[in-house]
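Chains as they are written, first to last, in the working numbering: chain A, 1 to 230; chain B, 1 to 54.
Note that these hints are calculated values from the structure, not bench results. Glycine included, C-beta positions come from ideal geometry on N, C-alpha and C. Hints may contain errors.
Unchecked claim - Computed footprint of chain A on chain B; a stretch qualifies when at least three of its residues, placed anywhere within it, have a C-beta under 8 Å from a C-beta of chain A:
1) 2-15
2) 18-26
3) 30-42
What the hints assert, rightly or not - Pair ranges (Cβ atoms, derived):
4) A:Gln144 / B:Asp46: 16 to 22 Å
5) B:Thr20 / A:Asn76: 35 to 41 Å
6) A:Gly211 / B:Val16: 33 to 39 Å
7) A:Glu140 / B:Leu40: 34 to 40 Å
8) B:Asp46 / A:Val15: 43 to 49 Å
9) A:Trp109 / B:Gln26: 25 to 31 Å
10) B:Arg31 / A:Met180: 48 to 54 Å
11) B:Gln26 / A:Arg75: 34 to 40 Å
12) B:Thr20 / A:Leu28: 24 to 30 Å
Residue strings, one per chain:
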Amino acid sequence: MDHTKVRVGWSQVVVGSLVAVLLGTAILAIFCFAPTEQTMGHSQRIVYIHVPMAWLGLLGFMVMAVSGVGYLLRRNLAWDHWLQTCGELGWLCCSLTLATGSLWAHEAWGTWWEWDPRLTTSFILWCIYAGILMTRASVEDPHQRARISAVLAVLGTLDIPLVVMATRWFRGMHPVSPDMDPSMRMTLFFSVVAFTTFFAWLATRRRVQIGLENLATQLGRQIEPQANLA
Amino acid sequence: METMAAAYGIVWLAVVLFVTRMALRQRKLQRSFESLRSQLQASQNDDASLARAA
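So here's chain A without its partners, still in its complex pose (with noise of 0.2 Å):
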């Protein structure tokens, strides 16, 4: 039997068709279900893939640092690999935020950006995320990487509230919550429930493959004495 092969079992095609087509039920519903904003017209669209961005960037932190605290409780590599995940996961939706919430504030406030309160903490996200993937790509030991990561996940937790909270404790421009249609507001709803399905579906694909990266790895490493012993 060759175990080199990738095979894709039944039940990976029914969830990766079932989140095909909730995703696609969502884009569906954005633009065709989902009405045209009088002010913004069109743009307002933008909405139905900046929040889900938006959350899911805070997801993929939250599940990162609960990954660190796992793997410092029980120095296992496993909680690293799933903080690996959702470090390069919601790296991507942070970084998506912040475009596609610069195309929405060019639109809406006339300029690409603004030091606004929450605007500022996103980018602060951000840089976390870029630093904590930094470091990992510059640390060979997996152990001291996982422990590192581990440590400044936790500690970038505390952007989290700020991010979340910043639009209610400072003045900025950045809307609160604002008032929507109820169509717009279940349109919202639905794609943030499919684009949250979609990531943790590529998560859990991605978990997967850092695993058999790692296993990879350490057999060349037991082999290779051996190759070289014979």
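Given the coordinates of chain A, assemble chain B onto it according to the supplied hints.
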């Protein structure tokens, strides 16, 4: 309209790039496992020939 298209375009481009990177890493991973298997087989064959010679 253009702004909305740009926002959705950026998001989907990022997703496509991430999935492509995953696919490339998967291919690299498959090659590493194949190489490990051939290394292991080679060392096992050497062990067997040494045992026969002894």
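Problem - Non-conforming hints, listed in increasing numerical order - result: 4, 5, 6, 7, 9 and 11
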